[in-house]
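Trainee: The chain contents come next:
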Amino acid sequence: MSTTVFEKDRLPELQAQQRKRPWRKRPPVFTWSVALAVVIPAAIAAVLLFSTSIPDPIVMVVFYMPLQLIAAGVAALVSKGRHGVADSAIYVLAIGGSIFSLVVLISLIGTLFVNGLKAFSTQFLFQNNVYINPTTSLDYGGVGHAILGTLLVVLISMVFAIPIGIATAIYVTEVRGRAVPYVRFFVQAMSGVPSVVAGLFILTVLILSGALSSSALAGGLAYAILMLPTVARTAEEVLRLIPEDLRTGALALGSTRARTVLRVVLPAAKTGIITAIVLGMARVIGETAPLLLVIGYSDSTELNPFSSPISSLPTYIFANVDQPYPNAVTRAWGAALVLIILVGILFVIARILGRGKVK
Amino acid sequence: MSTAEFEPSVETLDRVEVLGSPTEGQPAPEIELDARDLSVWFGKRKVLEGVNIAFPKNSVTALIGPSGCGKSTFIRTLNRLHELIPGAALAGEVLYEGSDIYSPEIDPTHIRLKIGMVFQKPNPFPSMSIRGNVLSGLKLAGIKRPNHDDIVEETLTAAGLWNEVKDRLGATAGELSGGQAQRLVIARALAVQPHILLMDEPCSALDPASTLKIEETIRELSKDITIIIVTHNMQQAVRVSDYTAFFLAAENEPGHVVEQGPTTEIFGNPRDQRTLDYVNGRFG
Chain D
1 MSTTVFEKDR LPELQAQQRK RPWRKRPPVF TWSVALAVVI PAAIAAVLLF
51 STSIPDPIVM VVFYMPLQLI AAGVAALVSK GRHGVADSAI YVLAIGGSIF
101 SLVVLISLIG TLFVNGLKAF STQFLFQNNV YINPTTSLDY GGVGHAILGT
151 LLVVLISMVF AIPIGIATAI YVTEVRGRAV PYVRFFVQAM SGVPSVVAGL
201 FILTVLILSG ALSSSALAGG LAYAILMLPT VARTAEEVLR LIPEDLRTGA
251 LALGSTRART VLRVVLPAAK TGIITAIVLG MARVIGETAP LLLVIGYSDS
301 TELNPFSSPI SSLPTYIFAN VDQPYPNAVT RAWGAALVLI ILVGILFVIA
351 RILGRGKVK
Chain V
1 MSTAEFEPSV ETLDRVEVLG SPTEGQPAPE IELDARDLSV WFGKRKVLEG
51 VNIAFPKNSV TALIGPSGCG KSTFIRTLNR LHELIPGAAL AGEVLYEGSD
101 IYSPEIDPTH IRLKIGMVFQ KPNPFPSMSI RGNVLSGLKL AGIKRPNHDD
151 IVEETLTAAG LWNEVKDRLG ATAGELSGGQ AQRLVIARAL AVQPHILLMD
201 EPCSALDPAS TLKIEETIRE LSKDITIIIV THNMQQAVRV SDYTAFFLAA
251 ENEPGHVVEQ GPTTEIFGNP RDQRTLDYVN GRFG
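Residue numbers (this note's numbering), protein chains in the order written: chain D, 1 to 359; chain V, 1 to 284.
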């Protein structure tokens, strides 16, 4: 075989080439079989939905999904042969599964908005519950005191749980001391502690013994027990992902272990650590049981986190939702909506903090 | 480049002469680092046995040999990185400025500060900018030196990267290509002003142009510091080194040094048949 050289006289012809996407072209049999596989099950489902009395979820799960699976399988068999069948089944199940979870999520948030917005107003966000009884008009009172309470309790729990959680993760992944297996075992066991037990623990050890009164501090400590294992385990996973190269690289520059962790490993894991904190926050923020036991109840705005009983969104919801008066129930919905929005805001703040700039 | 293609030509050997290799009759060079009877274990497995190499001050020594013969392990014992691996053990001593770096009163961070290292895989710190990476050694070791801008420019120039990055020193180190990242970590290692620089196959992932730049850097640096480089590239060993040590490990046996000496001798007139075979690409 002889060598060839680029032919310069073909240049104009080559430069005139059009952009194409040949991989998008499908044979007609593929187009047709896929079109039929989409239309036929959908049509049958539509008929069942609108002209029979079979409940909608049963139509979708019992009739539509299997039909769609079979139709996709047949279409794959026709257009791609036998090796396409498994592909099509996975495709249908994956899309079906994601739509299902999306529907659940959207209907949940939708219900929350529909019911919660009735209570929503500026005064609902900023006023407290003093002078309000379950029958008072929705034009008066709000959850400002409960928002403040929840923020205080979560903040206090973060102060305790985040440093301890990250320190635990550093011990397990960076220090690698002898107690690692035991530490991991206890952290794992702790993540199985029911939230009400965390509340009972604080109640018996700190409140009934007289060391603390019902307060945001007590609530924060109970939350910290729940938050700690989530933060520790997530941070551990994240630190494990940091390549060993970076640690050796830093040590090879004459760095101490502590500086390696603080200046190289933790900054490299920053986004993941923030995720760990967010997950820890999300784990506790809606927990009701421990707060019912340890923070007491208050209708007024409390700013003293150490000794006064305080309200929080979960306990406010709990107190209002089982009242026989529609206005109280609507207030509970409104508080639930506020809680979800609060979680959303905290997520966004964490993401912005996580982005950061390099030094 | 595969070693099988290498034939030592008159041309390459001439180049060694041009570089000015040590010749007999000159006074014995001052020894900066001296490994004596060094044996190394991973768990119960002995991977190196009785290595004796003396590294003359301000010279370049190439460590060659087939994969798995313990070159990288050896180089990591020279700045006490070996001990970070669980199950690591060691016998013998490594003398630096006359005292054993493994004696109990020596602080390993101090040793690593004086004996820097560049790894096979570029490992810039992703959370820092290019500038931050260069200065990271100073920060990590807690060294205060004025004129950070000068340090950044000097070391990046020495590593042959300055012109490519001078307009984006604040950019993330993750944006650099493999070759650029490797030159960045060389600059980072130089910024702490080590007396010795260990390089573990620094060019194995680089294109020929970057490799050439790094080799030029090595020659330039060897005026002031001692360099020990592991390489699988025979021509590179010939081009950059003054001395060469040939490592070899028989199957299931620990590695040892078969032959060592001036690079011209090892490549031009080896005494051991195995060395001759290896440098001529007949095995390994």
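Honestly, I wouldn't trust all of these hints.
[To be verified] Below, a list of computed lysine-lysine pairs in the DSSO-like style, where the Cα atoms sit at most 27 Å apart: (1) K46(V) x K121(V); (2) K114(V) x K270(D); (3) K144(V) x K223(V); (4) K223(V) x K114(V); (5) K114(V) x K213(V); (6) K121(V) x K270(D).
Hint data in this document are derived by calculation from the structure and do not stem from the laboratory.
Trainee: Below or equal to 27 Å on CA atoms is what counts here, so check K46(V) against K121(V).
Mentor: holds (25 Å)
Trainee: Below or equal to 27 Å on CA atoms is what counts here, so check K223(V) against K114(V).
Mentor: holds (16 Å)
Trainee: Given the hint that K114(V) pairs with K270(D), does the C-alpha gap stay at or below 27 Å?
Mentor: Cα-Cα ~30 Å, so violated.
Trainee: Given the hint that K144(V) pairs with K223(V), does the C-alpha gap stay at or below 27 Å?
Mentor: The given pair, whose Cα atoms are some 25 Å apart, holds under the 27 Å limit.
Trainee: Given the hinted pair K114(V) and K213(V), is their alpha-carbon gap at most 27 Å?
Mentor: holds (24 Å)
Trainee: Does the structure keep K121(V) and K270(D) at a Cα separation of 27 Å or less?
Mentor: Holds, because 23 Å separates the two Cα atoms, which is no more than 27 Å.
In the structure shown, a violation is registered for the earlier hint numbered 2 alone.
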